[in-house]
Amino acid sequence: MLKEILTADSIRFAEGYADWREAVRVSCEPLLERGAIAPSYIDAIIENVEKIGPYIVISPDVAIPHARPEAGARAIAMALLKTTTPVKFSDDPDHHARMLFAFSATDNHSHQRALRQLARLIMDEQRFAQLQAASTAEAVLELIAGIPE
Amino acid sequence: MKILIVCGNGLGSSLMLEMAVKDVLKELGSNAEVGHADLFSAKGESADLFLGAREIIENLDDGTRKVASVKNIMDKAEIKTVLAPHLQ
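Residue numbers (the numbering used here), protein chains in the order written: chain A, 1 to 149; chain B, 1 to 88.
The following block holds chain B by itself, in its conformation from the complex (with noise of 0.2 Å):
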């Protein structure tokens, strides 16, 4: 499974979110591969879910891909939250 971070420049809150996410994941034992991007690449790249803040994620949200949204990314609660029915 690959899970693609999705932030406005692709440099800032994508890889603070991916610290977050990894961290999450390593809790929940999933071995899903992590990547980031920006925005506008993000809409050429193929992930099996897109995550990010919801702006963010409204903004990629066209009916053509999985994705999932976050409030506050840095909160690993919520992260879990939102991540865990993915990975089964």
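So that you can see chain A by itself, here it is in the shape it has in the complex (with noise of 0.2 Å):
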């Protein structure tokens, strides 16, 4: 499942980004694209972050950018920036995250069988290393192919 609404050409890479604003934005771009997500639901998510906190930034260098659905959802799918650089999205180090996955979801249910595997990979401590290792979306591809449903 998370192979496939996580293309080839969504995993981007980056050096950093001053602004964790910014950062999110670029996260999302690949969804923008392809027309999975209406601008609207950009600014719905640092809207949310503003108004909550940081809660995006789940475990220790992953974040991930997300809103509800009727902020501009259009498909399940999901994108992801690396940077060589941590995003700070507080001063606080357990707000600091080099790997953003920005996903779309278009109700409560369809996208979590995605979203368990991407819990699976985090959770596994050799893998999860070796995605932060990754430089290619190659790499990345073959770690989620590795990753039981």
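It is worth saying that the hints were derived from the structure and are not from the lab.
Check before you lean on any hint, since a few could be wrong.
Said to hold, decoys possible - Below, in silico cross-link-like pairs of lysine to aspartate or glutamate (EDC-like), each with a Cα-Cα straight-line distance of 16 Å or less:
hint: 1; chain 1: B; residue 1: Lys76; chain 2: A; residue 2: Asp92
hint: 2; chain 1: B; residue 1: Lys71; chain 2: A; residue 2: Asp19
hint: 3; chain 1: B; residue 1: Lys71; chain 2: A; residue 2: Asp61
hint: 4; chain 1: B; residue 1: Lys71; chain 2: A; residue 2: Asp92
hint: 5; chain 1: B; residue 1: Lys76; chain 2: A; residue 2: Glu125
hint: 6; chain 1: B; residue 1: Lys71; chain 2: A; residue 2: Asp91
hint: 7; chain 1: B; residue 1: Lys80; chain 2: B; residue 2: Asp23
What the hints assert, rightly or not - These stretches of chain B come out as covered by chain A in the derived footprint (C-beta under 8 Å, 3 or more residues):
hint: 8; segment: 1-14
hint: 9; segment: 56-64
hint: 10; segment: 71-83
Glycine included, C-beta positions come from ideal geometry on N, C-alpha and C.
Join these two chains into a complex; the hints should help.
Here it is, written out as structure tokens:
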């Protein structure tokens, strides 16, 4: 499931960003290009983080920029932006991330299998270390293909 | 016992945390019921414990409900430490 929604051209690499808002915008670009989201979806993500706090940083080094389906999601899709220097969502090191998995879901259920797979990948220490080290889309896709559905 | 997992939108991190929590509950031999909700609907729900990431729980903690938070929602060891005292 994860490999169907996270396509090779949606896995991108960058040096880093001084501003987390810009990083979130860039992380969502592949979703925009695929027509999976409307521009309003990105604004909603940024607004939510400003309102609630950097809750989209879910574990060390990993953020999952996303908003509610009604904010402008048109299809289930995922993109990965990997940066060399961490994106700082706050001054707290717990809120720094070098992997931004932006995703869109059209309801509360259909994307669940993909997110469960992503959770399995993050909880698997060895695979997660390989993901952190991966520097090509092919390497990322190979890791994803190895996670049980 | 009912545990409600709370996140910002009710469909991303709460789902991932719910998965880790269910793994932990199984390890602890608990049969607690687990559900998930977004921050705003969680305010209108009842549960024996509300669990979520720190920033979320700070927004929910108004003294009217029992809450607990984790820093890393994918860290089963941390989740176990946080949940265990509530399961007694």
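Hint by hint, here is what the structure shows:
For the suggested pair B/Lys76 and A/Asp92, the alpha carbons sit about 21 Å apart, so the restraint of at most 16 Å is broken. Pair hint B/Lys71 plus A/Asp19 does not hold up; C-alpha atoms about 22 Å apart against a cutoff of 16 Å. The hinted pair formed by B/Lys71 and A/Asp61 meets the criterion: a straight-line CA distance of about 12 Å does not exceed 16 Å. Taking the CA atoms of B/Lys71 and A/Asp92, the gap is about 11 Å. The hint holds against a cut of 16 Å.
This hinted pair checks out: B/Lys76 and A/Glu125 have alpha carbons roughly 12 Å apart, not beyond 16 Å. The hinted pair formed by B/Lys71 and A/Asp91 meets the criterion: a straight-line CA distance of about 15 Å does not exceed 16 Å. For the proposed pair B/Lys80 and B/Asp23, the alpha carbon gap of about 10 Å is at most 16 Å, so the pair holds. With 7 residues having a Cβ less than 8 Å from any Cβ of chain A, the segment 1-14 of chain B passes the three-residue criterion, so the hint holds.
As drawn, the segment 56-64 of chain B meets chain A at 3 residues by the rule of a beta-carbon pair under 8 Å; at three or more, the given contact holds. Counting residues of the segment 71-83 of chain B whose CB falls under 8 Å from any CB of chain A gives 6; the rule of at least 3 is met.
The structure does not agree with the numbered hints 1, 2 stated previously, though it agrees with the rest.
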